[in-house]
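**Q** What follows is the residue order along each chain.
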Amino acid sequence: MNQIERMNRFRKNLLKGILWGSGIWAGLLIIWIVFVINQIVKTAPFVRVARFIPGAVGASALAVLFFLLKYWRYKWTLRKDPALRSALDDERVSLSWLKAYRFAFFAVVVLHALFLLNGSLFQLIFRRPGLFLPAFAEYPLTLLVSVLACLGSFFHYSREE
Amino acid sequence: MGKAALGNHLKVHRARKDITQEALAELVEVTRPTINFIENGRFVPSALLALKIAQVFGVPFEEVFFLEDK
Chain A
102 MNQIERMNRF RKNLLKGILW GSGIWAGLLI IWIVFVINQI VKTAPFVRVA RFIPGAVGAS
162 ALAVLFFLLK YWRYKWTLRK DPALRSALDD ERVSLSWLKA YRFAFFAVVV LHALFLLNGS
222 LFQLIFRRPG LFLPAFAEYP LTLLVSVLAC LGSFFHYSRE E
Chain B
293 MGKAALGNHL KVHRARKDIT QEALAELVEV TRPTINFIEN GRFVPSALLA LKIAQVFGVP
353 FEEVFFLEDK
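Listed in order, the protein sequences are those of chains A and B. For what it's worth, the numbering used here labels the leading residue of the first sequence as 102, then goes sequentially. For what it's worth, the numbering used here labels the leading residue of the second sequence as 293, then goes sequentially.
Derived from the structure by calculation, the hints contain no laboratory data. What you are looking at is a predicted structure, and each value in this text was computed from that prediction instead of being measured. Just so it is clear, CB atoms sit at the ideal spot from N, CA and C, and this is done for glycine as well. Any given hint could turn out to be false.
Partial selection, computed: residues in chain A whose CB lies under 10 Å from chain B [to be verified]: (1) Met-102; (2) Ile-105; (3) Glu-106; (4) Leu-196; (5) Arg-203; (6) Glu-239.
Once the Cα atoms are required to be at most 30 Å apart in a straight line, the calculated DSSO-like pairs of lysine-lysine come out as [unchecked claim]: (7) B:Lys-295 to A:Lys-113; (8) A:Lys-171 to A:Lys-181; (9) B:Lys-344 to A:Lys-200; (10) A:Lys-176 to B:Lys-309; (11) A:Lys-143 to A:Lys-176; (12) B:Lys-362 to A:Lys-200; (13) B:Lys-362 to B:Lys-309; (14) A:Lys-117 to A:Lys-200; (15) A:Lys-200 to B:Lys-303; (16) B:Lys-295 to B:Lys-344; (17) A:Lys-113 to B:Lys-344; (18) A:Lys-171 to A:Lys-143; (19) B:Lys-362 to B:Lys-303; (20) B:Lys-295 to B:Lys-362; (21) A:Lys-200 to A:Lys-113; (22) A:Lys-200 to B:Lys-309; (23) A:Lys-143 to A:Lys-200; (24) B:Lys-344 to A:Lys-181.
Residues of chain B clear of chain A, computed beta-carbon distances all greater than 12 Å [said to hold, decoys possible]: (25) Gly-299; (26) Arg-308; (27) Lys-309; (28) Ala-315; (29) Ala-317; (30) Arg-324; (31) Pro-325; (32) Thr-326; (33) Asn-328; (34) Phe-329; (35) Glu-331; (36) Arg-334; (37) Phe-335; (38) Val-351; (39) Leu-359; (40) Lys-362.
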C-alpha cells in the first residue's frame with residue numbers, strides 16, 4: 102500500500118471517528134432535551150438511566166475532541182509534503198467536499214426553520230407552547246447537525262461501488 | 293447533439309499495461325477511489341487529469357476517453 106492510499110485510509114478513519122462521535126453526542130443531547138428537560142417520559146427506569154446522560158454527552162464530546170485533534174495533527178503533517186497533500190485533496194475529493202458543504206448548509210437552514218416552527222409559529226398555530234429548547238442546547242445542536250450533515254454527505258458522495 | 297457523457301477504456305488500458313488502480317493513482321497523483329470513480333463513469337476528470345492518464349498509457353487522449361450518448 103503506497104503512502105497516498107495509507108493516508109487516505111487514515112483520513113477516512115479519522116472522519117468516521119468524528120462522524121460517529123458527533124452522532125452519539127447529538128443523539129444524547131436530543132434525548133436529554135426532549136425527554137429529560139421537557140420530562141416527556143417520567144417512568145422510573147428511564148429516570149434512573151437519564152442520570153447518566155449528561156456524563157455520556159461529556160464523554161462523547163471528549164471523543165470528538167480527540168479525533169479533531171488527531172485530524173488537526175494529520176493536516177499539520179501534510180503541510181510538509183505539498184505533493185502528497187494535493188494528491189489526497191484531488192479534484193474528486195474537492196468536489197465531494199463542495200457538495201457536502203452545500204448539503205450541510207440546507208440541513209442547517211431546515212434545522213433553524215424547525216426551531217422557528219417550534220417557537221413562535223407553534224404557539225401561533227396550535228395556541229400552546231412547543232418543546233422547551235434551552236438556548237445553550239440550540240448552539241451545539243446547530244453545530245452537530247452541520248458536522249453530521251457535512252461528514253455524512255461527504256461519505257455518501259465518496260462511497261465506492 | 294443529445295446528452296453526452298464521457299466514456300473511457302481505462303480498464304482495458306490498465307489491463308494491457310498490467311497496472312492496478314492504486315499504481316495508476318500514484319502515477320497521476322490522485323487517490324485510488326478517484327481512479328475507480330472515473331473508471332465507473334461516476335466522475336468526469338478535468339482535462340489535465342485525463343491527459344495525465346493518457347500519458348501514463350502512452351496513447352492519445354481519444355484512445356482512452358470518448359464521447360458516448362447517455
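**Q** Against the structure, test the hints numbered earlier, and report the numbers of the ones violated in rising order.
**A** Those not satisfied are hints 5, 6, 7, 10, 11, 18, 22, 23, 28, 29, 30, 31, 32, 33, 34, 35, 36 and 37.
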